[in-house]
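**Student:** Chain by chain, the residues run as shown.
There are 2 protein chains.
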Amino acid sequence: MNRIDKELQKLASFSATPNPSVTRIVYSEEDMEARAYFITLCENIGLKVRVDVIGNTFARWEGSQPDLAPVGTGSHIDAIPESGQYDGTVGVFGGLEAIRVLKESGYSPKRSIEILLFTSEEPTRFGIGCLGSRMLSGQLTPENAEKLIDTENNSLKQNLERVNFNTDLSSVKLPKNYYNAFVELHIEQGPILEAENLDIGIVTMIAAPSSLGVQIVGQGGHAGCVLMPKRKDAGCAAAEIALAVESIAQNSASDNTVATTGIFNIKPGAVNSIPKEAYLEIDLRDTFIETRDKALNDVQDKIKEISNRRGVTSNVKLLNCDPPAICAENLVNTVENVTKNLGYSYKKMISHAYHDSLFMAQICPTTMIFIPCRDGLSHHPDEYSSPEQIHKGVQTLALSLKALSE
Amino acid sequence: MNRIDKELQKLASFSATPNPSVTRIVYSEEDMEARAYFITLCENIGLKVRVDVIGNTFARWEGSQPDLAPVGTGSHIDAIPESGQYDGTVGVFGGLEAIRVLKESGYSPKRSIEILLFTSEEPTRFGIGCLGSRMLSGQLTPENAEKLIDTENNSLKQNLERVNFNTDLSSVKLPKNYYNAFVELHIEQGPILEAENLDIGIVTMIAAPSSLGVQIVGQGGHAGCVLMPKRKDAGCAAAEIALAVESIAQNSASDNTVATTGIFNIKPGAVNSIPKEAYLEIDLRDTFIETRDKALNDVQDKIKEISNRRGVTSNVKLLNCDPPAICAENLVNTVENVTKNLGYSYKKMISHAYHDSLFMAQICPTTMIFIPCRDGLSHHPDEYSSPEQIHKGVQTLALSLKALSE
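Listed in order, the protein sequences are those of chains F and U.
Heads up: the first sequence at position 311 corresponds to 311 in full-length UniProt numbering, and the numbers run straight through without jumps.
Heads up: the second sequence at position 383 corresponds to 383 in full-length UniProt numbering, and the numbers run straight through without jumps.
For reference, chain F alone in the conformation it holds in the complex (with noise of 0.2 Å):
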């Protein structure tokens, strides 16, 4: 097995459920075990490790003109309950293979290569996705990140303290250009690489993510003594929302407007119990703003409608909505060279995925590198690239850092 495959199958066993199930939410245990791992590793191989205050780690490969901004390589590791091996580890675990192989290659770069491990790009804990870039961009001040409460109802200070991170936030932004340009390379998360037969994806343009959060409040009861037209049954209405967010999605304009309740919890959540109150959280993009921003309005509107319509309360909370990334140009073509020299087939695409470079595109030049995943699956424990589509990958990566950075 090679190196990375190894590492990529040693990181799965930090893990809250058990494999091929991998759960490590950001902060946990497992994840601060992970980054210890990811840590040694890289000063295995002499790279300098900065962690700043809520734990972006970055991995430093000093360059020969140290005082150039740096080229920037790397993706996360947290990982959503049940989810899979690949998700992030790939552009983590890569990027430092891809400096091994430079290395090894007897290469010396001229600007410093760094890998940057992101904090929480999953939302599970804070109900956020992103956090690390979005604060290394400046898009979440130190202001709002201090009111972020994660489900167990703990600051985003209070789990710093827990892991013995300083909690001073106001160190964590970069300044603009930090980066001279930023490459993740990631799984697909999608099927159309595996479909069309090909190595490498180029991507040219991230999506444009939102996110919802509804409360519902009905009226509950003995499942038993309310007769039914006499119910405000905050569980049906919030099914109802449910089934209009597929709807709404389904029929919109654009084909790559896709919507997803993911979150639903109901309470008090007992059998012979009437549902009093719902939680909803709806995840919803587009690589389209405009039919993004409709469907976004669309679905609050139905929201409304459903809720006045059956006697519930409902309060509706933008969670975030942000807008697409553009990709550099240079970039894109620096990575298509390096593609077409290496003999690996690709296509340049869209990201319909959230990823940290959405707001790394914000402060410096961005580019991502995706490779296929069997099934287009992700967030799945069936998620799966071989180890020759990472190899391809890291390949891919390796000389697109060597050409940005000499």
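I should point out that these hints are in silico values taken from the structure, not numbers from a laboratory.
Keep in mind the model is a prediction, meaning the values are calculated, not measured.
Heads up, a few of these hints could be off.
Which copy is meant is left open, so a pair is good if it fits within one copy or across any two.
[Claimed, not checked] No farther apart than 27 Å at their CA atoms in a straight line, the calculated lysine-lysine pairs in the DSS-like style are these:
(1) K302 / K267
(2) K6 / K157
(3) K176 / K304
(4) K230 / K348
(5) K173 / K347
(6) K230 / K347
(7) K157 / K402
We have chain F already, so just place chain U on it with the hints.
**Tutor:** Structure of chain U alone, referenced to chain F:
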């Protein structure tokens, strides 16, 4: 404050959630503390207490002819998550108060009078209601009871070991006609008595309850990357089922058909992940077995249709499906005479809620006494019956027990 009102307030303090809500799951610390409190009160007035191996608790006031079949009364003290202070508890502590009132009046019964505290009337822990009375009546055999698994994946026996009960289940079942008569005092859990400004309901029939567990398996994936036509979203399938359940009850030929999806869980339960699994529990009741069974069949047909159309698999389990109970005419007449003599307003009525009396009716003559509760609310922190309403219920119970034990 009256003795019983103080005791009910004290009882409410044994709760896993802050008052006014009450959460007291069977075999939890709170449940065990509440049981100990009840037993102490019984022993204080000289009742002989026997606890069977699953925790059904018999507190006996010995009659002058102790060989005669006793008269029974009682109910439950377990409470579903975030419910109220009166469901069940009024029947247990009302039974105790009734005996105290009779004792203080100088009465001495011929037949013994027993208060019965039933174990786990609520289905919260084991997914099945009336555990104690099902086993007392022999409707649940020791063999089937051994197969019960709770929400934390522990068997009934493992629970009994934890709380230091004996685990030989064969001794629980009572002989047929162990009681000469059984009368349960309970809040109505519905709006009728309050709306008609009546003091007492005398129950002639208990509705036929049933419940289903539905496991749905679809296809997970990243919420951003799987386009809408490719999805097999288990959460949306579950939402459609919940709405079908509501609609089938609304459109039943019987006005008394009620159906509730009280449990609605999805996995993995992350905002950016398509639900790959869902689990529902559905409660369906009616006063007429024909329309109940038709609705139950319609729900199952609809689950199949929705699952096939959406390409998800569903596995439906009938958790319980009990026949209605007809109350004993002579007991109904006795309670009616007592109520008339007390000058209380009353009506004969059907119980839409599920009670331990449903199962006691299988082994002995049984009826129930209802008192009004505010807004018909139950299984809710706002559940409330006034001291005066409780007093009238206790008086009716006391004189009924007297009449039946003479």
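**Student:** Okay, which hints does this one fail, numbers in order?
**Tutor:** Violated hints (numbers, rising): 2, 3, 5, 7; every other hint is consistent with the structure.
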